[in-house]
Amino acid sequence: MLIGVKSMSLLGINGYLVDVQVDVGNGLPSWDVVGLPDTSVKESKERVRAAIKNSNFNLPSKKIVINLAPAYTKKEGSFFDLPIAVGILFDLGIIKNTFDNYLFIGELSLDGTLNRINGILPMCIEALNLGIENVIIPYENRLEAGVVNSLNIYPAKTLLDVVNHLNNVEQLSSFATDNASLFSNANSYNLDFSEVKGQENVKRALEIAAAGAHNCLLIGSPGSGKTMLSRRLPSILPDLSFDEALEVSKIHSIAGVLPSDKSLITTRPFRSPHHTMSTSALIGGGKVPKPGEISLAHHGLLFLDELPEFNKSALESLRIPLEDRIITISRTSCTLTYPCNFMLIASMNPCPCGYYGSKEKSCSCSQDMIEKYINKISGPLLDRIDIHIEVQQVKYENLNNLSPSESSKDIKKRVDLAREIQRERYKDYNIYSNSELTSNMMDKYCKLDKDSQNIMKSAFEKLGLSARAYGKILKVARTIADLEQCENISSNHIAEAIQYRSLDRKYWR
Amino acid sequence: MSKEQNKLKGNFGEDLACMYLKNFNYKILDRNFNSSFGEIDIIAIDKDEIVFIEVKTRFQNAFGSPDEAIDLNKKVHLYNSALYYLYSHNISNYSIRFDIIAIQVQNDSHSISHIKNIITDYPNSSLKRRF
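Read top to bottom, the protein sequences are chains U and G.
Mapping the first sequence onto the working numbering, position 212 (from 1) lands on 212, and the numbers just tick up by one.
To convert, count from 1 in the second sequence and add 509; that's the working numbering.
Next comes chain U alone, as it looks inside the complex (with noise of 0.2 Å):
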């Protein structure tokens, strides 16, 4: 008897209905796999076999065919096995029952347990968009999978249990986790701004950068405090929402990041990856292209430690998903998109040695070599940056100074409120930013007063800002603005954006 088994495979950041088609028939004893499989699902035929026969059934010789439907689409991965045994074992008779309500996903190994994979939640997602009830996973999945609520989720450790579940002998629980308690302890994170003495300045703008999600480059002497504050961004950024949380997990549960005791990633992700970095690293890539890092950054940070340091190609790779939030990867076997809604934090020396500028220390470099090293950075992408910000080195009085700073807990207020407004006034777009603004929207939501106006048009002039520049501008005075609660742009919410712009014509002539 021929019967067909749901189970999903995973194509870019969603997964699709596989229909694994079984026949098992008479003739001389062979063992077939069709629908463009690639090696791992071609050696299922040897887990799938040793567990049937370690899990006391009898596998018999016959001829196997077994077909993964839509045929013309390359599989690969290995959560097919337990598919295939089913669909063996229901033609062998010894699965009594049919299960057309059910989806079944999950790796053999060879004693009949079931193996912990990749990418079981958007495969659950999916399944829940297909209308399908039921999905059997394996039980070290159950955290990951629990979270679509409104599945049955069926956890089992071996492929006996799975057979014992569907012919009635022995029911498997369903488990779902609670999603309102994976949010209480969201905010967990242990490094603080009040940590950081003096340097108020600089605390300002990633304030405003994290209002807005503004994208962020930080210049600065050595030990400086770059590193320290932009390791502490994370802990004033705003909480996830759930929305957001699903589409985080998503990319970790494909890239195989996602922590084994966790349901759902509830911080905000902060990559800082090594400046020795590839390109295909950074925006992903290999032959079925995985997600890189900007795509692990997805709603959360991205920290590029000395900039210049960087791959000159990887760093230029960077110019459009700046611009598009998403990225299209392209190879022989096919094109995936990963969204990439990052927020960009970069911090640099201004020079080699590294006190060009410093009021402290003189600069040892030639002014060749300074040229050289700034030039690293292309001028398109120091124009996606929207806010340039100088560190500089902290006075004695400042690091003697025992009265505690301002901490993260009291900015992050601020912050949400900002992204609170934001939120409401662009509830009707589908983004969650002021950084995110479209030309139109600018137009609608960032109009200027006449003073104000008259600040851009010299400022325009006299640094030679580019049109994006100015739009860049405009939306952090609007982050700006949003902080301070108001309506409209002022003049001096202007003045404080274009300030944040002013620094490259200092290094970058």
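There may be inaccurate statements among the hints.
[What the hints assert, rightly or not] In silico DSS-like pairs for lysine-lysine, Cα to Cα no more than 27 Å straight-line:
1) Lys-556/G x Lys-63/U
2) Lys-556/G x Lys-96/U
3) Lys-197/U x Lys-359/U
4) Lys-413/U x Lys-457/U
5) Lys-45/U x Lys-536/G
6) Lys-583/G x Lys-45/U
7) Lys-262/U x Lys-359/U
8) Lys-290/U x Lys-312/U
9) Lys-53/U x Lys-512/G
10) Lys-584/G x Lys-63/U
11) Lys-583/G x Lys-536/G
12) Lys-518/G x Lys-63/U
13) Lys-583/G x Lys-42/U
14) Lys-413/U x Lys-450/U
15) Lys-516/G x Lys-53/U
16) Lys-63/U x Lys-583/G
17) Lys-63/U x Lys-516/G
18) Lys-42/U x Lys-518/G
19) Lys-518/G x Lys-583/G
20) Lys-96/U x Lys-74/U
21) Lys-518/G x Lys-45/U
22) Lys-584/G x Lys-42/U
23) Lys-42/U x Lys-290/U
24) Lys-96/U x Lys-45/U
25) Lys-518/G x Lys-53/U
26) Lys-42/U x Lys-287/U
27) Lys-556/G x Lys-53/U
28) Lys-376/U x Lys-395/U
29) Lys-372/U x Lys-462/U
[As the list claims (entries may be wrong)] Label pairs and their calculated CB-CB ranges:
30) Met-528/G x Ser-109/U: 38 to 46 Å
31) Asn-626/G x Asp-19/U: 54 to 62 Å
32) Asn-515/G x Thr-39/U: 39 to 47 Å
33) Asn-168/U x Asn-520/G: 49 to 57 Å
34) Gly-93/U x Ser-601/G: 19 to 27 Å
For the record, the hints were derived by calculation from the structure and aren't laboratory data.
Even glycine gets a Cβ: it sits at the ideal position worked out from N, Cα and C.
With chain U fixed as given, assemble chain G onto it according to the hints.
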């Protein structure tokens, strides 16, 4: 030992195997079926299953046990010969099995071991590389 003697020895083993199979209600269809791919010692029916049987007879243990003598090449021959047999006799829609009957002769007594289902997949060269 001459070829003649070898053949006699083989026939002796195959006779023993046939008697053994008949005890278990197997129906013998054919013996020593020859094709260009190789020879099949016994072809029998077990209930509704066609069984192709390779018989190995050993009079001494010096060269290892009899069932060790079936290697991948032998399996390929067996599989292809079976395919040819089914085709030439116009048999289809039967369940098919490959067995070994190993006979160990010692002095006046002998022991028979029957190993069922030795081929579960097409024995191709990719398997050879793996082993």
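Between Lys-262/U and Lys-359/U, does the CA-CA distance stay at or below 27 Å? Measuring from Cα to Cα gives roughly 48 Å; hence the hint is violated.
With the threshold set at 27 Å, check whether the alpha-carbon distance from Lys-556/G to Lys-96/U stays at or below it. 24 Å, holds
Lys-96/U paired with Lys-74/U [C-alpha distance capped at 27 Å]: 31 Å, violated
Is Lys-518/G close enough to Lys-63/U, meaning Cα to Cα at most 27 Å? 35 Å, violated
For a C-alpha distance cap of 27 Å, please report whether Lys-516/G and Lys-53/U respect it. 38 Å, violated
Restraint status (C-alpha distance of Lys-42/U to Lys-518/G at most 27 Å): 43 Å, violated
Between the alpha carbons of Lys-583/G and Lys-42/U, is the straight-line distance 27 Å or under? 25 Å, holds
Proposed proximity, Lys-395/U with Lys-376/U (alpha carbon, max 27 Å): 30 Å, violated
Is 38 to 46 Å respected by the C-beta to C-beta distance linking Met-528/G and Ser-109/U? 44 Å, holds
Given hint Lys-45/U paired with Lys-583/G - CA-CA distance at most 27 Å: 23 Å, holds
Given the range 19 to 27 Å, decide if the beta-carbon distance of Gly-93/U to Ser-601/G lies inside it. Holds, since Gly-93/U and Ser-601/G (Cβ atoms, about 22 Å apart) stay within the stated range.
If you draw a straight line from the CA of Lys-413/U to the CA of Lys-450/U, is it 27 Å or shorter? Violated, because 32 Å separates the two Cα atoms, which is more than 27 Å.
Hint compliance for this structure: hints 4, 5, 7, 9, 12, 14, 15, 17, 18, 20, 21, 25, 28, 31 are not met, and every other hint is.
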